[in-house]
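Since chain H is already given, all that's left is putting chain R on it; use the hints.
Below, each chain spelled out in residue letters.
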Amino acid sequence: MSEHRVRVRVEESVSLEARTQAIGRELLARAKQAHAHLSSLNRWTTQLLRWCLADPHVKSQVLRFLDCLPSLTTPRAVVRHLREYFPADGWRLPAALRLGVSLTRPGLLTAPAVSFMVHQLVEQVAQQFIAGARAEDAVSVMQRLASRGVRVSFDVLGEQVTSEAEADRYARQYVELISRLGAAGHVSVKPSALTAQFDPLSVRESAARALGRLRLIAQRAVEVGAAVTLDMEQVEYRELTLELAKQLLQEPGLGERVRLGVVVQAYVSDAEQAVTDLLDWLAQHRRRLAVRLVKGAYWDYEVAHALQMGWAVPVHRRKWQTDRTFERLTERLLASSSMVRPEIASHNLRSIAHAMAVAEELKLPKDTVEFQLLYGMGDAIQAAVASLGWPVRVYAPVGELIPGMAYLVRRILENTANESFLLQDFLETASADTLMAPPGPNGGSHG
Amino acid sequence: MAKPAALEFPAEPFANFADSRQRAAFTGALGDVGRELGARYPLLIAGEEVRTQQWLASVNPAHPAQVVGHAAQAGGAEMERAVAAAEHAQPRWAATPVDERIASLRKAAGLLRERRWWFAALAVLEVGKPWREADADVVEAVEYLDYYAAAMEQVAAGKAVLQRPGEANQYRYVPRGVCAVIAPWNFPVAILTGMASAALVTGNVVILKPAEQSPVLAYHLTRLLHEAGIPADAVQYLPGLGEDIGAGLVRHPKVRLILFTGSKAVGLSILQAVGQPEPGQRFLKHAVVEMGGKNAVIVDEDADLDAAIKGALVSAFSYGGQKCSAASRLIIHEAVYDRLIPRLTKAVEGLRIGDPASPDCELGPLIDEEAVRRVTAAIAQGGRSATLLYQCPSGRLPQEGYFMGPALFADVDRASALAQQELFGPVLSLFRVRSFEEALELANDVDYGLTGGVYSRSPSHLQHAIEAFEVGNLYLNRPITGALVGRQPFGGYKLSGLGTKAGGPDYLLQLMIPKTICENTARHGMPLE
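Quick mapping for you: the protein sequence lines, in order, are chains H and R.
Be aware that the first sequence starts at 1, since it is given in my numbering, and climbs by one per residue.
Be aware that the second sequence starts at 1001, since it is given in my numbering, and climbs by one per residue.
The set of hints was computed from the structure by calculation and includes no laboratory data.
Hints may contain errors.
Stated by the list, open to error - Listed next, the in silico BS3-like pairs over lysine-lysine satisfying Cα-Cα at most 25 Å (straight line):
no.: 1; chain 1: R; residue 1: Lys1264; chain 2: R; residue 2: Lys1501
no.: 2; chain 1: R; residue 1: Lys1346; chain 2: H; residue 2: Lys190
no.: 3; chain 1: H; residue 1: Lys32; chain 2: H; residue 2: Lys366
no.: 4; chain 1: H; residue 1: Lys246; chain 2: H; residue 2: Lys190
no.: 5; chain 1: R; residue 1: Lys1310; chain 2: H; residue 2: Lys190
no.: 6; chain 1: R; residue 1: Lys1310; chain 2: R; residue 2: Lys1346
Next up, chain H with everything else stripped away, as it sits in the complex (with noise of 0.2 Å):
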């Protein structure tokens, strides 16, 4: 590389991190603005989060009494549960909480009380993060956020699949699911609920299984306009998920018409090579794709894991590592959105600027990229990009509360790691220059 080329380069990244610099605090003034008028967390949210926080291990047996709370079918099982995860004696105990164990004993309040105050706290967190019990409910959410510029994709939250029958059910409901929505739906779609027998050992098998029920998905997706996407999980199914994603891509009549999407995770450490074939196949195939850039919701499980198989570990172990892979990415996939329609999914403000800063200094219209984020989470970060004039698209999970609790434990868990931005009330205290701090060695970890 010349001399000349280098100075070239330097510049433009120079120019590329002053601009992020501008837009992100722009975007940080937008948000304190409207978090005057939006209310973040409800209060019951807040609550549960600072007593997550306040210790680690209030937190795990209060993650662990949500987890079971859906399968509690009495009141008196619910305070024999609330007892066990919360002894009495144990000074750890939530003042509410402690506030229920206590009276029932004496008798002055009945376990139906208590289970209902459980069942009621419980239920406010839910409706934080998850956007309605029934499918029906899916489409006044829809209305609602049109109504403030902001568009949404709908996640079914089921149990776990374990029989063909059951994934039949699965891919039913998401093709009622689009009926309902028209034009204007967007779902995201688990690959491992397509199939009972979805196995990173046999790539084609499990491909071809999960395919006949995402066929049928796509071709109602097709024939109201709505669009799809394929949700990652683990890492073990990301090379099934995506050649999963180039067979329906190549089905005849359906393949060059389905509106698909796949999600990039930006903590697995080869993410970069991941795009690299991602995008080959694409050129060499000519199809296009949406893909949703995100970090990643699996860490601890990703770890943990890995640890127990005796693997390296596939995900970053620093989280600026992998903030600065999804910079890298965010580049890749904007540089590339004639192949690809790029979908940034972060809550990070620094991620969302840097994003618009690489569109802008690709000269890129501002509709082909779109900004995503969770439902019930960051309220006025939606608020400040959509006033940006960027498309922006929350991830709406909708479904019953047994099947929920894992979504439901997995947010709270992200909601009071170290670096939970939700509860720092952030937008008041935080130095911008924290905020928007180039990712680099000296910043947090994960988890």
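Coordinates of chain R only, in the frame set by chain H:
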């Protein structure tokens, strides 16, 4: 009291079949092994290849016409030769510095690690294991070698005893002597390697009697041990019929130690034989027997049913239930019974049955025709006293091979054979109970006490299970098979075994004799240190 540190050793990672390179390596190994089928494997007596009149044909259970290899079948004369050679080799092997014995195990671990795909592929063909099961079998063997090497380092120096002026007290361990390792076919790599390596590292010479169904793997493992530096007369390969060679070794007056893993009937007969010294026998034999199980998994009213269903499938049907750790009873709280059963039945229906050489197979064949007959008879008999909820239609099974689809029974009489006897096949009996206490009582109401599982989210119920569930290996909210070396030492009690734990910190002590030495270091009453 401070908890002692766990014994660290280099754990061997499982194959990660999400990695296409590892899948390709396995496919390649299947091809390599496939080209070597049908060879003849002589006995290995003191390093000499001995061909016999009778040969055992080891066939691929998925394609019985395919002979994996012919193994020489030892008779009484060969057994006498092998025992004589072993007796001759014993003092020299016992005198080999323990560091060398440990180094040999580590070298063997390294060799097996290098050849893991090849051995796993051979296990697919010789005993019908699907890829993951075959891989886990080899991984466990590598880990036994490394674990027992590390464990021996800890016990080699003996244990500290009290000292007083004028005397020097020692407490050390010495080998027992000639050891017969009588190995099963269901973990043809892991269990054989584990028992043999434990005996060897503690200074006992070994005569290996592999199962009749897996002599080819045993031959290659014996060769590998020789290659690792263990003398040819310290580990000999002696396949033959269990009733001849197995029984003969157990009774032989020169065999001092017997390591056995297998059925309850054979295990009990070994213990009986051990109690009756033969003429000319000048020591008490010691036997470590690990027998079967009638293992139960309890599903409590607050269980995570998704996890319980998946766990029950793995526990009951992985490797066709042909594991001593496999679940054959599922004890379900009435509050969730009606929700669980239809989901479980549909899940069982979906299991992928086929040739285990294919990567797309969860459930391969049973080991042999006799196993198919036995399980078929048990299902027919069970159908008379219980409700056959599901049986895989024979039309879904491959045309050839010893295939047997999974079966589920409900309304099972608690005293019946289905509820009490180990079947070693893909048959799961379901029980409905009214309380967790009743579940535990029922779980304990069998002769066996090997593994057990509980799916519950009640801390008090889990605690109750820890205290009252009579099993050697208790698993909470996870499948009950797949114990790992050094992490979940494995073995049962009641009529499942003597409580010894393979892959655990106490195992090696079973294979040695503690010896106390007290020396008077004083002269004329004056302590001279």
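Do the hints match the structure? See the list:
1. R:Lys1264 to R:Lys1501: The given pair, whose Cα atoms are some 17 Å apart, holds under the 25 Å limit.
2. R:Lys1346 to H:Lys190: holds, 20 Å
3. H:Lys32 to H:Lys366: This hinted pair holds, its Cα atoms lying about 23 Å apart.
4. H:Lys246 to H:Lys190: Roughly 16 Å separates the two Cα atoms, so the pair holds.
5. R:Lys1310 to H:Lys190: Given that 25 Å is the threshold and the Cα spacing comes to 18 Å, the pair holds.
6. R:Lys1310 to R:Lys1346: Holds, at roughly 12 Å.
Hint compliance for this structure: every hint is met.
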